[in-house]
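All chains should be built: construct the whole structure from the sequences, respecting the hints.
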Amino acid sequence: MMRAVSDALVITKRQLLQLTRVPEVLIFNTIQPVMFVLLFRYVFGGLGADIPGGYVQLLMPGIFVQTVTFTLAATAQGLAQDMEKGLIDRFRSLPIARSAVVMGRTLGDGLLNIVVLIVMGIAGYVVGWRPTSGAFKIFLGFLLLLFFGYALSWAGVFAGLISKDARVVANVSFLFTFPLTFLSNAFASTTSMPHALQYFAEWNPVSTMVAAVRQLYGFKNTFGATANSFPSQHPLTMSLVYMVVLMFIFIPLSVRRYNSAGNRK
Amino acid sequence: MKSIVAQGLVKTYRNGQVKALDGLNLDVEEGTVLGILGPNGAGKTTTVRILATLLQPDSGHATVGGIDVVKNPKAVREIIGLSGQYAAVDETLTGWDNLVMFGRLYHLSSKAAESRATELLEQFSLTESAKRPIKTYSGGMRRRLDLAASLIIRPKVLFLDEPTTGLDPRGRMEMWNVIEKLVKEGVTLLLTTQYLDEADQLADEIAVIDHGKVIARGTSDELKSEVGGERVEIVVAEADLIRTREVIDRVTGAKSNLDEGLRKLSAPVSNGGQSLIEVVRELDAANIHPLDIAMKRPSLDDVFMSLTGHAAEEAIAEETAIKKKRGAKK
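Residue numbers (the numbering used here), protein chains in the order written: chain A, 6 to 270; chain B, 618 to 947.
It is worth saying that the hints were derived from the structure and are not from the lab.
Do not take every clue at face value.
Heads up, simulated BS3-like pairs for lysine-lysine below, C-alpha to C-alpha not over 27 Å straight-line [to be verified]:
#1 B:773 <-> B:619
#2 B:913 <-> B:872
#3 A:18 <-> B:691
#4 B:691 <-> A:90
#5 B:881 <-> A:18
#6 B:913 <-> B:881
#7 B:798 <-> B:773
#8 A:169 <-> B:636
#9 B:801 <-> B:752
#10 B:881 <-> B:619
#11 A:18 <-> B:619
#12 B:748 <-> A:18
#13 A:90 <-> B:752
#14 B:773 <-> A:90
#15 A:169 <-> B:752
#16 A:90 <-> B:841
#17 A:90 <-> B:748
Predicted model, so just to flag it, every value in this text is computed and none were measured.
Below is the structure:
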């Protein structure tokens with residue numbers, strides 16, 4: 006068991022080393038969300054004149070969740086690349102735990118999210134984001150974001166392992182996650198959407214996460230608070246359920262897939 | 618003692634549509650080099666992948682270092698090294714980073730992993746490039762680093778899957794030198810190749826495989842003599858062809874082959890140089906002046922040709938054509 010953890014940490018370390026060797030990756034990973042913060046803040050900032058504290062208070066949790074949702078694509082692309090290059094084969098020929106490589110990868114992507122969230126938090130503060138709930142709840146909010154990213158990362162692992170092409174899997178994951186983050190309460194109220202979309206948006210894990218994080222930062226989730234559905238009423242509970250379900254499905258699937266990764270051609 | 622034993626390995630892909638291995642048997646004596654020779658798609662890589670625990674056979678049985686590859690893959694991984702086509706290194710990291718990382722994954726301490734990395738970089742003449750990302754390496758350097766990574770724990774059994782495919786002649790020579798040194802140090806090596814000269818150069822014994830089966834096995838010399846041993850080849854003026862043929866057939870006691878276009882006669886001989894001298898003497902006595910005369914030993918190309926009924930390169934060309942077709946379908 007200790008072996009498995011230390012093996013995984015070697016893989017995580019490799020990923021951090023990559024960031025120091027190719028700093029562009031880290032820079033791009035942080036610039037993109039910061040760009041979203043600035044664009045949304047100043048393009049849609051005028052919309053929510055009636056929102057206490059202004060639109061930016063609701064926007065920031067939305068962008069936080071959007072950013073960690075994209076972890077899925079990042080993980081998928083990273084693993085697919087390792088498959089393509091034959092690295093996974095080499096790892097599989099080593100006497101290491103079956104879970105080490107995928108465990109290490111998700112951990113590395115999680116650590117990257119910490120850096121990205123810190124930079125975004127600072128950017129948010131600069132443009133007027135002011136959480137009011139106190140240090141502990143703010144911390145819990147970030148913790149929740151990290152776990153959500155981590156849970157999605159496991160779906161990314163599976164996608165990366167079944168794909169045959171890193172670029173394709175990155176694009177497909179993006180096509181899947183991008184609408185997911187918009188068909189939600191992240192940037193606009195779900196109540197103004199067509200009925201069917203509204204239903205989807207309310208049950209969307211992105212929405213429950215955004216609502217939960219907004220509450221943790223001390224703001225009422227007015228983008229959909231009028232809805233009566235269970236996820237709208239209990240966003241934190243629902244978010245936790247989603248995360249557990251995701252990991253419950255994808256961790257065993259991914260480890261199994263990794264183990265038989267050589268059996269296809 | 619046998620370091621590698623494979624019995625009746627069968628492996629199919631795509632729900633049985635493609636039969637990669639069709640009851641493959643082989644064994645490698647400890648401390649020797651077995652070259653698996655065959656065209657693309659013959660089953661070389663599949664064999665290596667099964668023996669290196671990356672792939673499970675549909676049926677059959679295999680041990681490496683006496684350990685069952687299916688029942689106890691983890692123990693097998695402790696004693697093998699794998700390099701070549703399908704093993705790889707992290708291109709964004711430096712050579713040093715890679716070797717230290719793999720050392721750690723073999724559960725060496727940080728210190729041991731680092732000193733082993735230094736040692737291997739030295740051994741493979743990569744010390745100068747140690748701190749450069751692999752991306753900047755030449756093909757030959759990359760292969761050497763890849764090979765170095767497979768030697769971190771000084772494996773008892775080493776698998777090299779087409780170690781020089783895609784390298785330029787110089788890179789190939791460098792790889793050959795490195796591999797020859799390793800072999801002298803006593804590692805058991807299973808090497809796959811499509812190059813007949815490579816098998817000739819590096820392997821103690823050669824197993825020729827085609828369509829997922831071993832179709833011949835032996836030393837390079839044995840395989841060559843199986844094809845018919847040495848031949849004497851003589852080129853003469855057209856007018857002398859018939860008389861020459863009579864002489865050769867009489868001396869060798871065999872029926873010679875005539876290539877009319879090249880005006881070349883050839884016939885198998887049993888006692889090498891002696892037969893050649895006799896042929897020359899008789900031709901001289903008959904006042905025939907050959908334009909060219911030579912003893913020829915069959916190359917492994919001839920071996921491959923006579924065993925499979927097709928040339929190695931032909932099979933490769935076929936395979937590439939199939940792959941291209943598949944690619945087009947996608």
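Each hint tested on the structure:
Straight-line distance between C-alpha atoms of residue 773 of chain B and residue 619 of chain B comes to about 12 Å, which keeps the hinted pair within the 27 Å bound. With a CA separation close to 17 Å, the supplied pair residue 913 of chain B and residue 872 of chain B stays within the 27 Å bound. For the proposed pair residue 18 of chain A and residue 691 of chain B, the alpha carbon gap of about 23 Å is at most 27 Å, so the pair holds. Taking the CA atoms of residue 691 of chain B and residue 90 of chain A, the gap is near 23 Å; set against the 27 Å cutoff, the hint holds.
At most 27 Å may separate the alpha-carbon atoms for a hinted pair to count; residue 881 of chain B and residue 18 of chain A exceed this at roughly 67 Å. Restraint check: the Cα-Cα separation between residue 913 of chain B and residue 881 of chain B comes to about 13 Å, which is no more than 27 Å; the hinted pair holds. The straight-line distance between the Cα atoms of residue 798 of chain B and residue 773 of chain B is roughly 15 Å, inside the 27 Å bound, and the hint therefore holds. A threshold of 27 Å between alpha carbons decides the hint, and for residue 169 of chain A with residue 636 of chain B the separation of about 21 Å falls inside it, so the pair holds.
For the suggested pair residue 801 of chain B and residue 752 of chain B, the alpha carbons sit about 31 Å apart, so the restraint of at most 27 Å is broken. The hinted pair formed by residue 881 of chain B and residue 619 of chain B fails the criterion: a straight-line CA distance of about 46 Å is larger than 27 Å. Our distance criterion of 27 Å between C-alpha atoms is broken by residue 18 of chain A and residue 619 of chain B, whose separation comes to about 39 Å. At roughly 17 Å between alpha-carbon atoms, residue 748 of chain B and residue 18 of chain A fall within 27 Å of each other, so this suggested pair holds.
Of the supplied pair hints, the one linking residue 90 of chain A and residue 752 of chain B holds, its CA atoms being roughly 12 Å apart against a limit of 27 Å. This hinted pair checks out: residue 773 of chain B and residue 90 of chain A have alpha carbons roughly 26 Å apart, not beyond 27 Å. Taking the CA atoms of residue 169 of chain A and residue 752 of chain B, the gap is about 22 Å. The hint holds against a cut of 27 Å. Taken as a hint, the residue 90 of chain A and residue 841 of chain B pair is broken in the structure, with Cα atoms around 38 Å apart against an allowance of 27 Å.
Of the supplied pair hints, the one linking residue 90 of chain A and residue 748 of chain B holds, its CA atoms being roughly 21 Å apart against a limit of 27 Å.
Hint violations for this structure: numbers 5, 9, 10, 11 and 16, all remaining hints satisfied.
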